[in-house]
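Participant: Read top to bottom, the protein sequences are chains C and F. Each residue of the first sequence is one higher than the one before, starting from 3 at the first, in my numbering. Each residue of the second sequence is one higher than the one before, starting from 18 at the first, in my numbering.
By construction, these hints were calculated from the structure, which means they are not laboratory data. Here the structure is a predicted model, which means the values were calculated and not measured. C-beta: ideal position from N, C-alpha, C; glycine also. Do not rely on the hints blindly, as some may be mistaken.
[Unchecked claim] In silico negatives: residues of chain C with every beta carbon more than 12 Å from chain F:
hint, residue
1, A22
2, P47
3, A61
4, H69
5, G97
6, P291
7, S528
8, N558
9, G800
10, H903
[To be verified] With a cut-off of at most 30 Å between alpha-carbon atoms, the simulated DSSO-like pairs for lysine-lysine come out as follows:
hint, chain 1, residue 1, chain 2, residue 2
11, F, K35, C, K58
12, F, K73, C, K58
13, C, K233, C, K159
14, C, K159, C, K433
15, F, K35, F, K104
16, F, K73, F, K35
If you want the building blocks of each chain, they are given just below.
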Amino acid sequence: MKFLRRFFIRLSNFASGRRADQRLREELAEHLAFQTDENVRAGMPPAEARRQAVLKLGAAEAIREDHHAEQSLPFVENLFQDLRFAVRMLRRSPGFSLIAIAIVALGIGATTAIYSVIDATLLHPLPYPHPSELVRIEANLPGVGAHDVGISIPELKDLQNSGIFQYVSLAFFGTDTLTGNTQPTRIAGKSVTPAYFAVLGVDAQLGRTFDPHDTTPGFNNELVISDGLWKRAFGGDPQILGKILRIDNDPARVVGVMPAGFRDQGQTPEEVGTELWAAGGFADDPAPPPMRGTRFPFVAIARLQPGLSPAAAQAHLDALVDSLKKQYPADYPPQAAWTVHLTPLAETLVGNVRQSLILLFGAVGLVLLISCVNVANLLLARASARGHEMAVRQALGAARMRLVRQLFTESLLLFVLGGITGFVVLFCAQKFLLQFVPETLPRLNDISIGWGVLAFAIVVSVVAGTIFGLAPAWLTSRLYLTATLRQEGRGSNGSRRRSRLRHVLVIGELALSLVLMIAAGLLLRSFYDLFNVQPGFNPTRVMAIETSLPNPNDPNTDIYRTATQEGVLLREVLRRNRTIPGVEETAVSDRAAIPLGHGQSDRRMTPLIREGLEAQSSQPPLIDTLIVSPEYFHLLDMTLLRGRLFVDQDLEDTPLTAVINEAAARTYWPNENPVGKRVDLGDHSGRAKPDWTTIVGVIADARTESLADASIPQMYLDIYQRPFKFLALYLRGQVDPATIAAQVRAQVQAVDPNLPVFHAETLDDVLASSLSVRRFSMEMVALFAGTALLLAGLGIYGTISYLVNEQRREIAIRLALGAQRRDILRMVLHQGLTLAAAGAVLGLAGALVVSHLMSGLLFGVAPTDLLTFAGVTLVLTTVALAASYIPALRAMRLDPNTMLHSE
Amino acid sequence: MKDKPDVLQGTLALMVLKTLDVLGSQHGYGIARRIEQISGDILVLNQGSLYPLLLKLEHEGSIVSERGTSDNNRRARFYRITAAGRKQLQTETSDWERTAQIIERFFNVKAEELP
Chain C
3 MKFLRRFFIR LSNFASGRRA DQRLREELAE HLAFQTDENV RAGMPPAEAR
53 RQAVLKLGAA EAIREDHHAE QSLPFVENLF QDLRFAVRML RRSPGFSLIA
103 IAIVALGIGA TTAIYSVIDA TLLHPLPYPH PSELVRIEAN LPGVGAHDVG
153 ISIPELKDLQ NSGIFQYVSL AFFGTDTLTG NTQPTRIAGK SVTPAYFAVL
203 GVDAQLGRTF DPHDTTPGFN NELVISDGLW KRAFGGDPQI LGKILRIDND
253 PARVVGVMPA GFRDQGQTPE EVGTELWAAG GFADDPAPPP MRGTRFPFVA
303 IARLQPGLSP AAAQAHLDAL VDSLKKQYPA DYPPQAAWTV HLTPLAETLV
353 GNVRQSLILL FGAVGLVLLI SCVNVANLLL ARASARGHEM AVRQALGAAR
403 MRLVRQLFTE SLLLFVLGGI TGFVVLFCAQ KFLLQFVPET LPRLNDISIG
453 WGVLAFAIVV SVVAGTIFGL APAWLTSRLY LTATLRQEGR GSNGSRRRSR
503 LRHVLVIGEL ALSLVLMIAA GLLLRSFYDL FNVQPGFNPT RVMAIETSLP
553 NPNDPNTDIY RTATQEGVLL REVLRRNRTI PGVEETAVSD RAAIPLGHGQ
603 SDRRMTPLIR EGLEAQSSQP PLIDTLIVSP EYFHLLDMTL LRGRLFVDQD
653 LEDTPLTAVI NEAAARTYWP NENPVGKRVD LGDHSGRAKP DWTTIVGVIA
703 DARTESLADA SIPQMYLDIY QRPFKFLALY LRGQVDPATI AAQVRAQVQA
753 VDPNLPVFHA ETLDDVLASS LSVRRFSMEM VALFAGTALL LAGLGIYGTI
803 SYLVNEQRRE IAIRLALGAQ RRDILRMVLH QGLTLAAAGA VLGLAGALVV
853 SHLMSGLLFG VAPTDLLTFA GVTLVLTTVA LAASYIPALR AMRLDPNTML
903 HSE
Chain F
18 MKDKPDVLQG TLALMVLKTL DVLGSQHGYG IARRIEQISG DILVLNQGSL
68 YPLLLKLEHE GSIVSERGTS DNNRRARFYR ITAAGRKQLQ TETSDWERTA
118 QIIERFFNVK AEELP
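With the hints as extra help, turn the sequences into a complete structure.
Facilitator: Listed below in structure tokens is the structure:
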């Protein structure tokens, strides 16, 4: 404590130091005056009186200095002195300083930019209290190869009563139509069980959220709306509570408005931007009766009991699953092997971009490393220029540590200035840069360049400055005094050490940039392959526009309840749209059938019961199902391989038909002709059992789910036999994407003015945005690799120039002794090539490791792709040679006469 | 000079406080003179070292100072002891006395008195 007290006293002295010193000086002078007076009174002559007084007082300067040393903080004072000196040094060589600061700013700015994305997505994906308690519950049937099969209402109750969770909730994200305003609006909405907000732990800013203990079996007709919707659609009306809104024609009452900063959890920005929540028990209309086997394809999320780790919760849950299986053997047949798995919610939300972001962070980390190495190299180069200065200082008595500290302060200042510059540039350019971030990135809107990011930038610059500033400082201050003073740079031990370190640094730089370039090359090839893959359908000149039919909870108010009723509407809508100028063909499908146009959550998996193969009660395999109109296949240029496509004669009252793709045929009817086989899809609502669907045709595989995946089994059903509410209209032809939405809206609303029309996109755009995260990471890594190459080129140029400079005497002697200029050129280039070769060997080894780590991000190219490896090595070598060529030319043109005379 | 002891570390502060306690307000030169007088010129006071000490004591709150004019019309800084300084003086005086007693006892002890 005493130490601390003294420290604070000293600290305050440090601040008031000048004043204390001033006073001390004053008092000593006064004392002298008194003493002199007295001596004069005692009879001394004035001069002698003063002399005696001074003698008696003692060494005044020493007293002042002692006092100063004792009362202040020499460390801090030295630091300030060093800083002042460092600023002076930086200003004295502005060229060097600007280049070094720019390089550091580049490295740290880029790293900070990527960090800000990672900060928003990976580090803070859940803006809710106690985010570590939030988990996602996923039920799997590994026995039949089915994953994420959903949860049934009785299972939800079991989970809720298990004591493992505080709250459990199901949520289904979709879009709802809000009518009653002038234009029917589509709103991102979620149907949830009432405990949803209790799980998230967020309350309303106005009114309340749903009561988590609400047991209404059907929808409870309560709505919670977002702050955005409240302000946009209702002008922030404070009387909003209790207002009745019509959602898909169902009246419901607003009970709460969420706070302005609230963001929903979800995998896509659309889901994160949910604006409307409706709650229900899903145990009554419109949901089927609550049976154990009736699983909803909803996302189940839960909040663990406080203090319960996910692992412990999983153990409890496994026990629960075992006892349920014993209790209801008919619902959980052993061969299906029902399991329930908990995943931290944060992980599930960023799962698909995590790998890309980590890759980017790795890449940008390498760029930072390279830029730091480059600056260290520059510092070392300057060290030789300052060798004389250091020697003089040492000769004058500066301690080695003192010199190290001062040099270190200089490099640290460089790095911190660079870091701050990088941050400032990033801060000013954030709007511009955010355009390049793909929109499919979850939490895109939460990316911000704030205090946390600034702290990151500063910490990184200090750490980098410490690591890369210390070694040059150490080596710069290491001198053999006499040798250096006599002539700096001629074979003194210190400079040899420095050039060895410079070689190591350049080799490291080359190796790192090779790694980055190979990573970029592999990603580029993957992307190129993916972009040029034959998708199996033709997206050009096709527009997809979404619409949706009202989906009221009371089926009796649904005017499009049956396939026949909906069919009338659809045929009329398609006919009218064909009249739009430029449109050649039209088709309609469910939303999930938009090629590449949706996330995983939209995928509809249907149980596939093959006639004679699966019994009704067993757990059948699940197949990806798409509902389309007959024109869909022709519009998208999909190839029929066997049988037939849908025809206009396939209607509600004719036998149900299905078309499958080759992958489905291969998977479920290997070595058989699937045409004519019958399947039951388990949708028996309102129909007699068993309800067989006949497979009428097989089409070639099309990459409509994912460009990277050729063979996902798919089954197409006829929309005129199976009505669906969330629809996509397709138009092929020469249309203007800007005005088409309005034209289609006019045509659709001429048939039914309550139908919303939204989200018009060309399929080419859809395709491009399905690749957006890949494209983003590819572009970024390529950008980083380019930067790395540039920096490595600069590094090797600097080093070779330096070598040439050091060897100029040797070169001059060689020339004088008759060496050919060509030989000199070759000698210098050889030095550059040696460095490049060493860097390439190291880099290739590193690249092999990295490329295997990122194999999950590659498509159609092996992690050891020879072409990429060889090509990149060639590029690097070329750059190294080019960078060595300029100093080599200089060496070649050296005039031995002038050179040897000047020394 | 060897025969005159230097002022012991820490004792100078005590002397300053005591002087100010007895004399009331006093300037630096006066304090120095007074200490030399009382110690009967046995003690060599490096007068300069007094001033850093005064600064330190003032910083610690034992004394306060203000500018004023001396008897012979010279500008000077006058020091005065504070309540805290008096308290410090008291504790340090008793500490000293105790230490002195103990030391004295050690000096007076004779071999045969030891058990």
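Participant: Hint by hint, which ones does the structure fall short of?
Facilitator: 1, 3, 4, 13, 14
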